[in-house]
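Trainee: Same order as they appear, the protein sequences are chains A and B.
Residue numbers 1 to 323, in our numbering, belong to the letters of the first sequence in order.
Residue numbers 1 to 338, in our numbering, belong to the letters of the second sequence in order.
If you're looking for bench data, these hints aren't it; they were derived computationally from the structure.
Ideal placement from N, C-alpha and C gives every residue a C-beta, glycine not left out.
Please note: incorrect hints may appear among the correct ones.
[Unchecked claim] No farther apart than 25 Å at their CA atoms in a straight line, the calculated lysine-lysine pairs in the DSS-like style are these:
hint, chain 1, residue 1, chain 2, residue 2
1, B, Lys210, A, Lys127
2, A, Lys199, B, Lys264
3, B, Lys119, A, Lys266
4, A, Lys295, A, Lys285
5, A, Lys83, A, Lys8
6, B, Lys264, A, Lys198
7, A, Lys18, B, Lys119
8, A, Lys3, A, Lys198
9, B, Lys210, A, Lys265
[As the list claims (entries may be wrong)] Listing some non-contacts, in silico: residues in chain B with all C-beta distances to chain A over 10 Å:
hint, residue
10, Ile129
11, His140
12, Asp268
13, Ser287
Residue-level listing of the chains:
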Amino acid sequence: MDKILEVKNLRLYYHTSKGAVRALDDVSFDLYKGETLGLVGESGCGKTTTGVALLKMPSPPGRIEDGSKIILAGRDIMTLSEKEVRKTVRWEQVSMVFQGAMNCLTPVYTIGKQMMETLREHRDMDKKQAEELIKEYLGLVGLPPEVMGRYPHEMSGGMKQRIVIATALFLKPKLVILDEPTTALDVIVQAQIINLLKKLKKTFDLSFIFITHDLSLEAEISDRICVMYAGKIAELGTNQQIYGKQGPMHPYTEKLLQATPLLRKKVESLSYIPGTPPDLIDPPKGCRFHPRCHKVMDKCSQEEPPLLEIEPGHMVACWRCGK
Amino acid sequence: MSINENDVILEIKNLKKHFAPHQSLAQTLTGKNRKVVKAVDGISFAIRRGEIFGLIGESGSGKTTTGKLVMKLIDPTSGSIIFNGEDVTITDKERTQAYRRQVQMIFQDPYASLNPRFKIKDVLEEPLIIHKLPGDHVEHERMIIKALTEVKLNPPEEYMGRFPHMLSGGQRQRIATARTLILNPMMLVADEPVSMIDLSTRAEILHMMKDVQRDLGLTYLYITHDLSTARYFTDRIAVMYLGRIVEMGNADDVIDNPLHPYTKALIDAVPEPVTGKVDIIKELPISGEIPSPANIPPGCRFHTRCPYAKPECSAEAEPELMDVGNGHFHACRRYKEI
Ligand SMILES: Nc1ncnc2c1ncn2[C@@H]1O[C@H](COP(=O)(O)OP(=O)(O)OP(=O)(O)O)[C@@H](O)[C@H]1O
Ligand SMILES: Nc1ncnc2c1ncn2[C@@H]1O[C@H](COP(=O)(O)OP(=O)(O)OP(=O)(O)O)[C@@H](O)[C@H]1O
Ligand code: SF4
Ligand code: SF4
Ligand SMILES: [Mg+2]
Ligand SMILES: [Mg+2]
Numbered sequence: 001m002d003k004i005l006e007v008k009n010l011r012l013y014y015h016t017s018k019g020a021v022r023a024l025d026d027v028s029f030d031l032y033k034g035e036t037l038g039l040v041g042e043s044g045c046g047k048t049t050t051g052v053a054l055l056k057m058p059s060p061p062g063r064i065e066d067g068s069k070i071i072l073a074g075r076d077i078m079t080l081s082e083k084e085v086r087k088t089v090r091w092e093q094v095s096m097v098f099q100g101a102m103n104c105l106t107p108v109y110t111i112g113k114q115m116m117e118t119l120r121e122h123r124d125m126d127k128k129q130a131e132e133l134i135k136e137y138l139g140l141v142g143l144p145p146e147v148m149g150r151y152p153h154e155m156s157g158g159m160k161q162r163i164v165i166a167t168a169l170f171l172k173p174k175l176v177i178l179d180e181p182t183t184a185l186d187v188i189v190q191a192q193i194i195n196l197l198k199k200l201k202k203t204f205d206l207s208f209i210f211i212t213h214d215l216s217l218e219a220e221i222s223d224r225i226c227v228m229y230a231g232k233i234a235e236l237g238t239n240q241q242i243y244g245k246q247g248p249m250h251p252y253t254e255k256l257l258q259a260t261p262l263l264r265k266k267v268e269s270l271s272y273i274p275g276t277p278p279d280l281i282d283p284p285k286g287c288r289f290h291p292r293c294h295k296v297m298d299k300c301s302q303e304e305p306p307l308l309e310i311e312p313g314h315m316v317a318c319w320r321c322g323k
Numbered sequence: 001m002s003i004n005e006n007d008v009i010l011e012i013k014n015l016k017k018h019f020a021p022h023q024s025l026a027q028t029l030t031g032k033n034r035k036v037v038k039a040v041d042g043i044s045f046a047i048r049r050g051e052i053f054g055l056i057g058e059s060g061s062g063k064t065t066t067g068k069l070v071m072k073l074i075d076p077t078s079g080s081i082i083f084n085g086e087d088v089t090i091t092d093k094e095r096t097q098a099y100r101r102q103v104q105m106i107f108q109d110p111y112a113s114l115n116p117r118f119k120i121k122d123v124l125e126e127p128l129i130i131h132k133l134p135g136d137h138v139e140h141e142r143m144i145i146k147a148l149t150e151v152k153l154n155p156p157e158e159y160m161g162r163f164p165h166m167l168s169g170g171q172r173q174r175i176a177t178a179r180t181l182i183l184n185p186m187m188l189v190a191d192e193p194v195s196m197i198d199l200s201t202r203a204e205i206l207h208m209m210k211d212v213q214r215d216l217g218l219t220y221l222y223i224t225h226d227l228s229t230a231r232y233f234t235d236r237i238a239v240m241y242l243g244r245i246v247e248m249g250n251a252d253d254v255i256d257n258p259l260h261p262y263t264k265a266l267i268d269a270v271p272e273p274v275t276g277k278v279d280i281i282k283e284l285p286i287s288g289e290i291p292s293p294a295n296i297p298p299g300c301r302f303h304t305r306c307p308y309a310k311p312e313c314s315a316e317a318e319p320e321l322m323d324v325g326n327g328h329f330h331a332c333r334r335y336k337e338i
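Produce the entire structure from the sequences given, and follow the hints as far as they go.
Mentor: Take a look at the structure:
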């Protein structure tokens, strides 16, 4: 299979007055054409930061550090100028549905006006053409053309999320990053949006990076899962490797799964990970997870475990998971 | 504490909340009346002492409105609320104030609900002062320590001097819970207490709330659209659709053996962290969005989205809740055939 994306040694630090927040520290992964890669982990582990890094759009005071490579369709976008990125990469090749975007639609403009603006920023077209295209995309996400004349407050959460998704697809990108696209929605609407995304993926031959903290949802949509902890990849494997009978390998993934309530089976007690993720200005030495790990050994606080391929396609960063 | 089947702490009888429409002058003049919003449209249930009762349903089904009615934050249009054997549907100011001490609310967002400029000690003392509880600072401090111990923040002294920003999300929700416990309530209403929260913190909070409930013999009304946490957390659940209860029973019975097509659809929509079940959601049995409560479909109000609907479903009177035994109720006239 062809790779659409190769991320190599990606580091993104937020240079705050208190010091550098090492939000992404040496992150490497690939994405294949037509694939959905899931990014999971607790709040603050670097999921959104990964997404915006791929757009080369870190929020201030963030900076993608030297040595990072983001190879998109064969081209390292780190070597491109901002102008080139704007013209040929951002929204054109990669687009992103931002976390909470559906609540950020401008309340005073109609949906049509907002979509029109986005479109005409990037494409030379007259109003009539733009309108036709908007209607086409509204149809693709299951909305009637009338919603062009509506205001955001007149629409349900599910409808607003459909608008945001349609807008992300306008310029025909090949890779779409979806950051918690269903977290604020109820189960039925979530299921409808997931079904819509699966359909759009086929129609447009897309690849997805799907960000969520919900491990159940990731099992439903992603081909491979990348589990992040404190700015690093803890484990990366196929859906089967993470959710299959033998279970995941990294103690962190194991605990996350045990903290997930199940619907179809009665669980007497949920386990949870004590403590909180570390301060990324001064992360723990050795394995960043060691202060919270139930399998910690002496070595863990001294040396950092490398991300190793334990079985074909299954990468784990843990001293307990040697070959 | 043993649960007595007949020991009901809260009984809701045919409760309704209809919101009057906002009417513009032009509409009044032209006689174009907007319709009444029937957010809660005749619900009845009873919660036993020491029980965790879940109210489930998709967005707009009327869960929060029900919670507000139970909290007496809004007045019902009709129906009654019986608490501890006393009809509290209409109460004077004094009784309402006392009621709000007996029935406490846990808020959704622990970040927004704690004043950032207050030390934890002050956060916890505030309700004692608001409700004019007797006792001096020493007595109050004793109560604060007790409440912090109940939510397992140990040692309590260590937390009293901290500000909210010095706590994790899980710890903040513990403080928010301690703040309700300090008034020694009999019942807690929790409206989506964990839906905004990270997965491992969510597990931590549900775990803690369950412990507290067991230790203190409290009763909870837990409101959520998340069936998975409801199964783990609750004893019984009621499934709401468009202002009505369509199914009710033991959480295990309802989830393992749903009788109403709406409950079935809710269950089908939930993904599970198990591989090979990719595409578990597939095509949802129900489509479209929940109709507006200003325009409730006639007959069975679910018929516009129900895959099993027959002409009689819309033509005949709305089915009432029916008992199939074991306290498992449903409101579908065709449940035997589906
Ligand atoms: N603009 C910023 N300035 C400083 N630090 C930041 C900034 N944006 C993010 N961070 C920090 O970087 C880390 C990673 O944040 P990020 O938003 O990527 O997490 P996330 O995994 O998306 O979390 P969530 O699940 O809460 O959305 C966190 O410690 C966060 O506090
Ligand atoms: N003050 C009000 N005036 C008019 N309509 C209202 C009012 N409060 C609620 N509603 C309407 O009543 C219905 C039920 O709302 P409610 O907030 O109880 O739903 P919910 O089940 O809690 O939904 P969610 O899961 O989104 O929180 C909705 O259609 C809502 O728009
Ligand atoms: S390296 Fe050590 S501390 Fe880190 S996850 Fe493995 S066992 Fe736990
Ligand atoms: S009564 Fe008819 S429309 Fe209503 S839930 Fe049953 S089958 Fe569906
Ligand atoms: Mg994020
Ligand atoms: Mg609500």
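Trainee: Each of the hints needs a verdict: does it hold here or not?
Mentor: Do the hints match the structure? See the list:
1. Between the alpha carbons of Lys210 of chain B and Lys127 of chain A the distance comes to roughly 58 Å, so the proposed pair goes past 25 Å and is violated.
2. Pair hint Lys199 of chain A plus Lys264 of chain B holds up; C-alpha atoms about 23 Å apart against a cutoff of 25 Å.
3. For the hint pairing Lys119 of chain B with Lys266 of chain A, the CA-to-CA distance comes to about 39 Å; that exceeds 25 Å, so the pair is violated.
4. Among the hinted pairs, Lys295 of chain A with Lys285 of chain A is consistent with the structure: their alpha-carbon atoms are about 16 Å apart, no more than 25 Å.
5. The straight-line distance between the Cα atoms of Lys83 of chain A and Lys8 of chain A is roughly 23 Å, inside the 25 Å bound, and the hint therefore holds.
6. Proposed proximity of Lys264 of chain B and Lys198 of chain A is supported: the alpha carbons are some 22 Å apart, at most 25 Å.
7. For the proposed pair Lys18 of chain A and Lys119 of chain B, the alpha carbon gap of about 24 Å is at most 25 Å, so the pair holds.
8. For the given pair, Lys3 of chain A sits about 20 Å from Lys198 of chain A by alpha-carbon distance, which is consistent with the 25 Å threshold.
9. Restraint check for Lys210 of chain B and Lys265 of chain A: satisfied, since their Cα atoms lie roughly 18 Å apart, inside the 25 Å limit.
10. Non-interface status of Ile129 of chain B relative to chain A is upheld: no Cβ of that chain comes within 10 Å, the nearest being about 31 Å off.
11. The beta carbon of His140 of chain B sits about 29 Å from the closest Cβ of chain A, which is more than 10 Å, so the claim that it is off the interface holds.
12. A beta-carbon of chain A is positioned within 10 Å of the beta-carbon of Asp268 of chain B; the least distance is around 8 Å.
13. At roughly 8 Å from the closest C-beta of chain A, the C-beta of Ser287 of chain B falls inside 10 Å, breaking its exclusion from the interface.
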